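**Student:** From just these sequences and the hints, can you work out the full model?
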Amino acid sequence: MEQKLKTDFDKFISMSNFSNQEIKLKKEALDNFLKNGFPSRKLENWKFSDIKQIIQKNIGELTFYNDYNIKNEINDEIFIKEIEHNKIVIVNGKVERLSFEYEESNKINLTTLENFNQNPNDDNSLLSLNNSFSNKIHNILVKKNYSFKKPLIIYQITNEKVSNTNINFQLKFELEENSSIKIINLSDDNSEKNFINNLFNFNLGKNAILKNYKIDKKSNTNIKYDYSSINQKENSISETFIFSSGSDYKKNEVSCNLEGQYSSAFINGIHLLSKNKHHEIRTNTNHLYENTKSYQLIKSVIDDSSKSVYQGKIYVDSKAQKTDGYQLSKAVLLNEQAEFNAKPELEIYADDVKCSHGSASGSLDEDSIFYLMSRGLDKKTAKELLINGFLLDVVEKITDEEIKKLLKNMIGLN
Amino acid sequence: MRDKQIEDLKDYKYGFSTDIESFKAPKGLNEEVIRFISNVKKEPDWLLQWRLKAFERLKVIKEPDWQKPKYPKIDYQDLYYYSAPKSFKEKPKNLEDLDPKLLETYKKLGIPLQEQKRLNGIAVDAVFDSVSVATTFKDTLTEKGIIFCSISEAIQKHPDLVKKYLGSVIPITDHFFATLNSAVFTDGSFVYIPPNVKCPMELSTYFRINASDTGQFERTLIIADKGSYVSYLEGCTAPMRDENQLHAANVELIALEDAEIKYSTVQNWYPGDKDGKGGIYNFVTKRGLCKGTNSKISWTQVETGSAITWKYPSCILKGDNSIGEFYSIAITNNHQKADTGTKMIHLGKNTKSKIISKGISAGKSDMTYRGLVDISKNASNSTNYTQCDSLLMGNKCGAHTVPYIKNKNSNSNIAHEATTSKISEDQLHYCQQRGLNQEEAVGLIVNGFCKEVLQQLPMEFAVEAQKLVGISLEGSVG
Chain V
12 MEQKLKTDFD KFISMSNFSN QEIKLKKEAL DNFLKNGFPS RKLENWKFSD
62 IKQIIQKNIG ELTFYNDYNI KNEINDEIFI KEIEHNKIVI VNGKVERLSF
112 EYEESNKINL TTLENFNQNP NDDNSLLSLN NSFSNKIHNI LVKKNYSFKK
162 PLIIYQITNE KVSNTNINFQ LKFELEENSS IKIINLSDDN SEKNFINNLF
212 NFNLGKNAIL KNYKIDKKSN TNIKYDYSSI NQKENSISET FIFSSGSDYK
262 KNEVSCNLEG QYSSAFINGI HLLSKNKHHE IRTNTNHLYE NTKSYQLIKS
312 VIDDSSKSVY QGKIYVDSKA QKTDGYQLSK AVLLNEQAEF NAKPELEIYA
362 DDVKCSHGSA SGSLDEDSIF YLMSRGLDKK TAKELLINGF LLDVVEKITD
412 EEIKKLLKNM IGLN
Chain P
202 MRDKQIEDLK DYKYGFSTDI ESFKAPKGLN EEVIRFISNV KKEPDWLLQW
252 RLKAFERLKV IKEPDWQKPK YPKIDYQDLY YYSAPKSFKE KPKNLEDLDP
302 KLLETYKKLG IPLQEQKRLN GIAVDAVFDS VSVATTFKDT LTEKGIIFCS
352 ISEAIQKHPD LVKKYLGSVI PITDHFFATL NSAVFTDGSF VYIPPNVKCP
402 MELSTYFRIN ASDTGQFERT LIIADKGSYV SYLEGCTAPM RDENQLHAAN
452 VELIALEDAE IKYSTVQNWY PGDKDGKGGI YNFVTKRGLC KGTNSKISWT
502 QVETGSAITW KYPSCILKGD NSIGEFYSIA ITNNHQKADT GTKMIHLGKN
552 TKSKIISKGI SAGKSDMTYR GLVDISKNAS NSTNYTQCDS LLMGNKCGAH
602 TVPYIKNKNS NSNIAHEATT SKISEDQLHY CQQRGLNQEE AVGLIVNGFC
652 KEVLQQLPME FAVEAQKLVG ISLEGSVG
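Protein chains in written order, with my numbering: chain V, 12 to 425; chain P, 202 to 679.
These are calculated hints, taken from the structure and not from any lab test. From a predicted model like this one, the values you see are computed outputs, not experimental measurements. Glycine included, C-beta positions come from ideal geometry on N, C-alpha and C. Among the clues, some could well be false.
If you only want the chain P side, here are some residues facing chain V, beta carbon under 8 Å, derived [said to hold, decoys possible]:
| # | residue |
| --- | --- |
| 1 | Lys565 |
| 2 | Thr602 |
| 3 | Lys607 |
**Tutor:** What follows is the structure, encoded as structure tokens:
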């Protein structure tokens, strides 16, 4: 694999026009990845989902070279018609269209990054891989006191031109003081057996609001890793919603740093899994300052021989007095072969805090099914109704009414 | 002047050491030392081979390093692996034959043997360093067919039982410290309860670490045969020392059909001084196997001592309908560190487990609850309930919860809850208003916090443990 990585990297660099600074950083990132390789179960964070093995088993040999010179056609039919929105269209890891038609253009600054942060942690070599092979990184800066008028939908499309390929994509958002944005991230996969590695960076200034909804519904055989890093200043709010169902393997990782006081982070997620899908959500909320708040609600419905994993950590620094942290994960197992693993973790160094977590897993409640059947429903409908109610709880946490309605229809929960 | 008196009082109550000349094996860990131990204890050849096999394994495996509390590297070649008070070369037949100095030591500890024998109705198998001192109440137990003796004695007198069960729950191929224990264990307790016998009294061993630089490697084996019941108490104190002392014991419990074992521990080993110097490393492997159907094993622990406590008393629920329970209070103060919890491995059908863990950290200490609940594919209709609460006192300490939950069976239910908080100002205010001073108020609230676990302890222990909880937190508020 090492040889393949090196030759693909040389080819990639020669076919693109990166600056010397970028090439230098990309080389460093590659060296770091070569040193560590793909993460395996030996690392605590990958204990329940050994991505090294999963890639070997499902894809085998990966190609790391991805030709960003190809122009991809975009079929306008895929766009959501129910709501007016701004678009970023990404095809096979390449940004094909950036349109902010509903916004004031002088309030948004679009640039590409020359300098990007190197991956600080050895535990997650995938960030290094992303840094070394991703195309030009777009930076979207929302200026002070500006709120997006319409949501931004990021269409992440893959087409049949790629297979057995590693696609790396990276995007950065900077929200200045008092600004706000709503983002829907939609996956639309028409390719098979690729390893897709996404990295999103968000920096939230004072009083900024980020609402981020991530939807992965369309069934496909790709293996995906999606990392969101959110840094929050004073009084900022971040809301993340994850619907994870379509891909064969997916790990969503959200890391929030609450750096300013009164900042808060909400992460809610749904796993709706069947066949032999294997999905994981990992949340990392770091309370680094006084009076910060975080909330996580993760629910899983697991059928056939699928597997759902939730790893959640609340970290409270000794400075972060008066922290309020809550975390709840629930899972319903519908089949003998289904599996649920959880590791809800608390690491606390301050005494004046209120932190708790709960985790429950089991079958659907027989009494509830009996009750519904005695009211005339057949067993299948009764079960569906219960599952619907179980998951709706999470969807109801979405604070934007328009988007909530859209997503309810999209997911099929009513 | 007064300050000094208070300092003196605060010093470790059980911090003294008796100067009985020790009879030691040469320093270091090698085949000769193991042969020496085996030879001194007049062990049969199979056991020597067993020890050597463990030692071979030990050369290959590495010391684990994933735990939260880190400690300086231990030089295993710099330890004594066997020491016995000299006057014990010939074992005394009864209490009167004991070294008077030794009896004095126990008196200071608060367990005068003679008194206990007469008043308490508890049979005591006291371990002073590595050799069993005296075993009381043997007659009553013998009448019922109960075997309660040191493991060395059991190896001589009941080799079949020992051979059958030793290492059946903790195999010699287990982790580093368990394997180390298998290679060099010196003494410990052995209990066998025959079928359909309810042990009429609480069995108790008082552990004691003496002789400088001696890692104590206890081995305890408890077998409850079909339909039997036993309650076993373990309590520990250790003398004050500057060097860190390693304690790597193995405890194996086996419950056959319809049998029940209740194992309670009060651990108050020397935690090191206020600056974190000295103190015991408590790296103990405790594991119970619910082998038969309807069997039950319950662990109760009150952990207040040791510089580092690193242990996970576990239950393997192999028999159908078997039950595993874990009740724990862990208190850390000053520079103490604890990484403790349990593992509940559900293998049989209709198995149940319950985990109640209460952690209190004060001073500059660090406490971690780490647990595993694993329900396997075949364990249908199994349930687990876990509750772990942590209490923080001061902003220099840490409290962490790391539960691992694995559910592979759709008919089984797992529920887990955890909270972390501090003592509420309202509660403190209420108590102080009623005339309690701050320390008493804290003591009262903490006792309430721990009550669920304290209730599980046998009477004799419950009172002592309650006091211990108070003593451990002295000086941590205000």
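**Student:** For every hint, state whether the structure bears it out.
**Tutor:** How the hints compare with the structure:
1. Lys565: Since the shortest Cβ distance to chain V is 11 Å, the answer is violated.
2. Thr602: The hint holds - P:Thr602 has a Cβ within 8 Å of chain V, the shortest such distance being about 4 Å.
3. Lys607: With a closest approach of 5 Å, the P:Lys607 hint holds.
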